[in-house]
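Got chain F; can you put chains B, R and Y on it based on the hints?
There are 4 protein chains.
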Amino acid sequence: MVRIAVLGCGRIGRMHAENIAAHPRAELAGVFDVVDAAASSVAATLNATKFASAAEVFGSPEVDAVLIATSTPTHADFIEEAVAAGKPTLCEKPIDLSLARVAACADAIKGTTVPIMLGFVRRFDKGHSGVRQAIEAGQIGELHQVTITSRDPGMAPDAYIETSGGIFRDMTIHDFDMARFIVGEEFKTVNAVGARLVDPVLMERCDDYDTVTVVLTTASGKQCVISNSRRAVYGYDQRVEAFGSEGMAISENQSDGNTRLYAAAYTDQKAPLLNFFIERYAQAFSSEIDAFVEVVEKGAPVPVGFHDGQKALALAEAAILSVREGRPIALSEVE
Amino acid sequence: MVRIAVLGCGRIGRMHAENIAAHPRAELAGVFDVVDAAASSVAATLNATKFASAAEVFGSPEVDAVLIATSTPTHADFIEEAVAAGKPTLCEKPIDLSLARVAACADAIKGTTVPIMLGFVRRFDKGHSGVRQAIEAGQIGELHQVTITSRDPGMAPDAYIETSGGIFRDMTIHDFDMARFIVGEEFKTVNAVGARLVDPVLMERCDDYDTVTVVLTTASGKQCVISNSRRAVYGYDQRVEAFGSEGMAISENQSDGNTRLYAAAYTDQKAPLLNFFIERYAQAFSSEIDAFVEVVEKGAPVPVGFHDGQKALALAEAAILSVREGRPIALSEVE
Amino acid sequence: MVRIAVLGCGRIGRMHAENIAAHPRAELAGVFDVVDAAASSVAATLNATKFASAAEVFGSPEVDAVLIATSTPTHADFIEEAVAAGKPTLCEKPIDLSLARVAACADAIKGTTVPIMLGFVRRFDKGHSGVRQAIEAGQIGELHQVTITSRDPGMAPDAYIETSGGIFRDMTIHDFDMARFIVGEEFKTVNAVGARLVDPVLMERCDDYDTVTVVLTTASGKQCVISNSRRAVYGYDQRVEAFGSEGMAISENQSDGNTRLYAAAYTDQKAPLLNFFIERYAQAFSSEIDAFVEVVEKGAPVPVGFHDGQKALALAEAAILSVREGRPIALSEVE
Amino acid sequence: MVRIAVLGCGRIGRMHAENIAAHPRAELAGVFDVVDAAASSVAATLNATKFASAAEVFGSPEVDAVLIATSTPTHADFIEEAVAAGKPTLCEKPIDLSLARVAACADAIKGTTVPIMLGFVRRFDKGHSGVRQAIEAGQIGELHQVTITSRDPGMAPDAYIETSGGIFRDMTIHDFDMARFIVGEEFKTVNAVGARLVDPVLMERCDDYDTVTVVLTTASGKQCVISNSRRAVYGYDQRVEAFGSEGMAISENQSDGNTRLYAAAYTDQKAPLLNFFIERYAQAFSSEIDAFVEVVEKGAPVPVGFHDGQKALALAEAAILSVREGRPIALSEVE
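Residue numbers (the numbering used here), protein chains in the order written: chain F, 514 to 848; chain B, 514 to 848; chain R, 514 to 848; chain Y, 514 to 848.
Some hints could be false.
Since the list gives no way to pick one copy over another, a pair counts as held whenever it fits inside one copy or between any two copies.
Stated by the list, open to error - Quick list of in silico lysine to any residue cross-link-like pairs, SDA-like style, CA-CA up to 20 Å:
id, residue 1, residue 2
1, K639, D769
2, K811, T558
3, K639, Y779
4, K824, V847
5, K639, A778
6, K811, M514
7, K824, R645
8, K606, I622
9, K623, A597
10, K606, F591
11, K606, T585
12, K623, F591
13, K824, F694
14, K701, T731
15, K606, D590
16, K606, A619
17, K639, N788
18, K639, F790
19, K701, E838
Derived by calculation from the structure, the hints in this document are not laboratory data.
On a predicted model such as this, the values are computed, not experimentally measured, just so you know.
For reference, chain F alone in the conformation it holds in the complex (with noise of 0.2 Å):
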């Protein structure tokens, strides 16, 4: 059994070690929060321990590996501390909404060989993996285009959009990673538009953005969209397509239970989509801690790593001044 400790007891941290406790092959090997009510809370729900302080977390020869799920600003530094004590960590996205240190921290753990695991769950989607794999196995042929389609289903609280980094490293980022995950090449060139149409208001005053669209290419000349919007009353739209030279691979919306109505005014009319990552992403937030256990357990590959993270912020950073400048941003401008 691999011992996994949790950092962080917010909604996506309790989740995290709710199905840590439920894989057969781990155990929930304590939780910590900097609000003890809420690790107490999950300790006592999940039977598990309540640790004092990450440190001691990090410390613990009864921990074997780490899920970092606390606030952004301190996940650079856990990283690091992650290392340093040789605990193999699942951390979540983002790395830091700042390049500079997410470089200063590539350096600091440089070299090491302490599997350091990115929360990018949606490479975990058995829908939009299955449009990787067909790739992979030539059934579309030579990639040439990639439409990813990525709308929340409501404006998160005005004071997570007030401190998320904006929509492209708070949001996109998610689809920057697909993008790159689906079309296995890095992009050279970033080209985006924003606009305030969801929430004018609250958009200037942060200076963000509620409805973007991103053009990325490749130097050997694909081409990624990724459409996104903050809020779409229909549910969480999550979408990816891929266009070949052989064929498409499409990887479609998921409802709830599969009910179709029909009546005199409609056909066909389902249920919103599945709302919100908890629900649309249980799969894959699931399939996640398998590959997370996987690497701990049997060495196997870390299938998303610090690099990623490191790149899909880039590509943040390029679309934000894409928008501001109103042109294409070389990605080498940013990096």
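Coordinates of chains B, R and Y only, in the frame set by chain F:
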């Protein structure tokens, strides 16, 4: 050019006349209807000859072939006249409501080489015939089960229902023919249940049913289910499903235009189904004329013959008897 | 925490044990199996107590409730023991292959207040229960016709088939329960046909059928069709369709991952269907445990009771008689 | 009856001629083509007059209106002649490959009351226009993002590509018009990327692209993405998606016949998409003639005018400049 005259200028006769007029290798030789105004209207719109009588049609050297879209009681007589006159004929279903009259007609035209084609239009639908083609191509292996769902969008007028010969002879008859077409083997037993759920008062008065389920079996054990209703509020529901040892083929319903809507309360909503047969089977009616022109022009084999009309009616008789007596009926009991 | 013990550690028992272990408000009180190795394996994997006998389970004060997943012939005995011991019980279907034994069991436990819940897991599937909810919410008006398509992905091992009690008692029984659940009204007549198309030799030897169609009717005229096959090569085909005066509700099949492929020869291609019940009904099995925990913990009404198991079996008996005698059977003939 | 003559008897001219001949309120006044054999063939098949010259067509009192389906370089001249002759005209797109020539033509016909309609046929597709109707009906609230996917089934012949004016003027121009139609607001900026992935040698030679992505924005911040490819092996891919504050409307691709196949290796497989525009937009081409007849017969407002052709071409110019200069282009730079 094949010169085709149309007998009967009601809704379906008018539609056929238009399809003939629009056909590149056919022309409308003229029309006739006992209601002179109906014939005049079609003749004027399509710039066609108006015949004074059916006899005149059958006698005219300007008429190469005849399409019969008159009321049911005239069909058998006109078929006999067509054979006598040597005019290839496409006759709307059913041949007659009485098996005895059909048998007499069969005797009367026995041995003729004049092509008599029956208007089981659904055989020409690309979706339904696609299912048959999949079977013939071996794509689903040996056929085991067929499911036909066939529901009208709404009750026909009372007057029509009262003289239709009942749901089995009027509506299910299309599905009996479809069942024979898909299965490609004769049925041995008919097992039917009927209910009065849509308009119990009218059904009681007509000793008819508005909601029926029929199970047909062949000597080799193949099973076919037909589900009928006189009223599907969401439109004209027309589906065929064939299940076999190596797969399944489904002919799905068709929407008008393929627009799908997503809103806070639902996703994937489409418009009601195409409504009614003239719209839903527009392609099939047009292809039916194509096939008839092939028969007349090139002596192609008749794709749906008199025999098929007779068989479908026998199945209807057996279904009526099955409901009345509450037991499965061997087809041999009615033939 | 509700402490639930599991009797029977075969494939389904193991799955239930895992679901109990993973349930936030339940814990696995222990397991028992006559095959000691099976029990040991589950006990080790899930870190659970291994009981020495069923009697020990029923006698243990550490056991709040029992889940019975042993072989069918033991079910009725264990239910009686559970009632005697006052342990709320969730028992896999069927209660017994003999209606007489079921009736005796019913007598034996008559008047008990100990909750006995039957494992008709499909009632807990979100898609299927969504259809029932649509009916209850009046979204399709008065119910007229129900179509249940239910096909296994492949033949069970010969040994299983030989002792299963036949397709109606083993496989269709789920659909009989689904039919009762969806219709919400008892059936009056059963009309079944059976064929030997998948494995004629085995079926002949067992006097069984691998391909069956059943038509059920209620006193009010509602019609329900069940189509079963022992082998659908494209996966586990599980669909429910309810048609009513104001609309239709359909529970569609579910694919694994929702990836669709397009190539020169086809479009919209998906993977085969989820395979088999443990995967397809994963959500339902988990929700079933939820429901059982509600029953034990809070005294919630039993959602599927002993009576439902008895009714489903009576429908199976009637279907067997219908095929044997080639006629519709009134349910009153077998009850 | 509206008497319409057709100039140009290539594939598209012939199709228009057939639609006119089949239209209940129109008749084919005659045809003309510089290649006499082409005109003769259509005239013979449709039993129509063959004109000796375009001038004869414009001068004929037997011609109420004209449809121009000749090669692109003749369009502007014929439009000017049509206006001079007072003949309402439906002209295939584009007006000309040169914005300057289009502007000159606009000057030449300035103030005319002769209706000039442009053949942006996709506006008449029920699926695409259904999206626009949903927007107008307020069903998706305020429009935020539009995604147009538009891919040809295969490369046109080299000779066509070489004289087409490039992908933006020849192929994307339809999507530019669709974007304007769906959005209902003028675009302000055009941002395009192009690649040579399908046939790099030919594209290099023609200084053209076979794979392009275009992002359009309006002053109010609406975003529209167009994805084009010269070759989609699975057929003619034509989709439109509109996302707004209260929902989403999608116009899906259409299959031919709606047969779906299930086998051991897959489910839900459909045939390749309808191929090519004459099949896919058959309904739209027919409805386009309808609309033109309304214009000529009843003086209905022109649904797609000269101005729309001019605007679409300006967007194409801006896209070409955007790819060439690697920057977003304000539409004001090219107009």
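How the hints compare with the structure:
1. In this homomeric assembly, K639 and D769 come within 20 Å of each other (Cα to Cα) both inside a single copy, at 16 Å, and across copies, at 7 Å.
2. In this assembly of identical chains, the alpha carbons of K811 and T558 lie at most 20 Å apart only when taken from different copies (18 Å versus 29 Å within one copy).
3. Taking identical chains as interchangeable, the C-alpha atoms of K639 and Y779 lie at most 20 Å apart only when they sit on different chains, with a minimum of 16 Å there against 31 Å within one chain.
4. Only within a single protomer do K824 and V847 lie at most 20 Å apart by alpha-carbon distance; the minimum there is 10 Å, versus 37 Å between protomers.
5. Only between protomers do K639 and A778 lie at most 20 Å apart by alpha-carbon distance; the minimum there is 17 Å, versus 34 Å within a single protomer.
6. For the homomeric pair K811 and M514, the shortest alpha-carbon distance inside one copy (11 Å) is at most 20 Å, but the shortest distance between copies (34 Å) is not.
7. Taking the shortest Cα distances, K824 and R645 sit within 20 Å of each other inside one copy (19 Å), while across copies they are farther apart (39 Å).
8. With identical chains, the CA atoms of K606 and I622 are at most 20 Å apart within one copy only, with a shortest distance of 17 Å there and 57 Å across copies.
9. With identical chains, the CA atoms of K623 and A597 are at most 20 Å apart within one copy only, with a shortest distance of 11 Å there and 67 Å across copies.
10. With identical chains, the CA atoms of K606 and F591 are at most 20 Å apart within one copy only, with a shortest distance of 13 Å there and 51 Å across copies.
11. For the identical chains of this complex, K606 and T585 are intra-copy neighbours only, at 8 Å inside a copy versus 50 Å across copies, given an alpha-carbon limit of 20 Å.
12. Within a single copy, K623 and F591 get their C-alpha atoms as close as 15 Å, which meets the 20 Å cut-off; across copies the closest is 62 Å, which misses it.
13. Taking the closest pair of Cα atoms, K824 and F694 come within 20 Å of each other only inside a single copy of the chain (11 Å); across copies the shortest separation is 38 Å, beyond that limit.
14. Taking CA atoms no more than 20 Å apart as the test, K701 paired with T731 passes inside one copy only; the shortest distance there is 5 Å, against 27 Å between copies.
15. In this homomeric assembly, K606 and D590 come within 20 Å of each other (Cα to Cα) only inside a single copy, at 14 Å, whereas the closest approach across copies is 55 Å.
16. In this assembly of identical chains, the alpha carbons of K606 and A619 lie at most 20 Å apart only when taken from the same copy (15 Å versus 56 Å across copies).
17. Taking the shortest alpha-carbon separations for K639 and N788, both the intra-copy value of 17 Å and the inter-copy value of 15 Å come in at or below 20 Å.
18. Both within a single protomer and between protomers do K639 and F790 lie at most 20 Å apart by alpha-carbon distance, with minima of 14 Å and 19 Å respectively.
19. Taking CA atoms no more than 20 Å apart as the test, K701 paired with E838 passes in both settings, with 17 Å inside one copy and 16 Å between copies.
In this structure, none of the earlier numbered hints is contradicted; all agree with it.
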